[in-house]
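Letter by letter, the chains look like this.
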Amino acid sequence: MKNIITLLAGLFFGLGLIISGMTNPAKVIGFLDIAGLWDPSLIFVMIGGIAVAFVGFKFVQNKSQAIFGESIHLPGRSEISKELVIGSLLFGAGWALAGFCPGPALVALGAGYKEAFIFVIAMIVGMCIHDNLFKTCRIK
Amino acid sequence: MHLTIYWQNFTPVLSLLGGMLIGLAAAILVIVRGRIAGISGILGGLLGVGRSAMPHRLWRGVFLIGLIGSSFIYQFFAPLPQSDISASLGTLIVSGLLVGFGTRMGSGCTSGHGICGLSRLSIRSLIATISFIFSGFVICYLVRHTI
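For the record, the sequence lines run as chains R and F.
With the numbering used here, the residue at position 92 of the first sequence is 92, and numbering never jumps.
For the numbering used here, count along the second sequence from 1 and bump the result up by 1000.
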């Protein structure tokens, strides 16, 4: 049962990305290109997502277990590290170059775009390079 | 600087509704599995060979099957919107490497920090989100308006 619900959560996430227009890299670049014709739609995706997710996180805030008894894994760190900032700056640079971030790239891969396939392979290689260089694979 | 809105492409209602569906998925995942819907983290954890026990792999795989299969399901309701990808092969590879490396180093991407982190009021995620959007603005400007 919990895996069926997890499958549906992944499906909803992908449908949300498609409906919001975020699986189209040209639209994402339309947001990032503030000096061109600017498309602020991405801000509305974030507002809608945060508003609903906020309720979900409030619901589990003081709980120790999820509804099927699994423990709740929320990030506990609070320090602003240089890895956080440098990593995010590198991610933003890559995001702006092709207009893909991980979620939309996987959805576009599922839609059969060979460009998304190439991007996802390179992304996985990038993840492996990081984890092999720093040996800081944090899996909880 | 002067901002010019691209009204023909601006989709506030659909983007808000799609965003709410993304938020619903994140809420379901944390309530049902106690997990953060951060796509780079879910994919990275699935790939962490030998470091993650099978139960920690299964939910990741199942979630990603739903995500990747969403295009297929969408087609039963409406024609799938086009993805306009202008990047060259070289750009796709470089951007993929940067996104993979950067999201591992920065512990998250647009979903993990931008949606989940911000809705948890995490300062770390706020700093991360400001960093990747700022970097996105700068690199986009450099690539599209100076080179």
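Just to be clear, a hint being listed does not mean it is correct.
Claimed, not checked - Simulated pairs of lysine to any residue, SDA-like, Cα-Cα distance not exceeding 25 Å: (1) R/K82 / F/S1088; (2) R/K63 / R/N3; (3) R/K58 / F/S1088; (4) R/K114 / F/I1127; (5) R/K58 / R/G76; (6) R/K82 / F/I1031; (7) R/K2 / F/D1084; (8) R/K63 / R/K82; (9) R/K2 / F/I1068; (10) R/K63 / F/L1121.
Hints were generated in silico from the structure; no laboratory data involved.
Compare the structure with the hints numbered earlier in the document and write down the numbers of the violated ones, lowest to highest. Violated hints: 1, 3, 4, 6, 7 and 8; rest satisfied.
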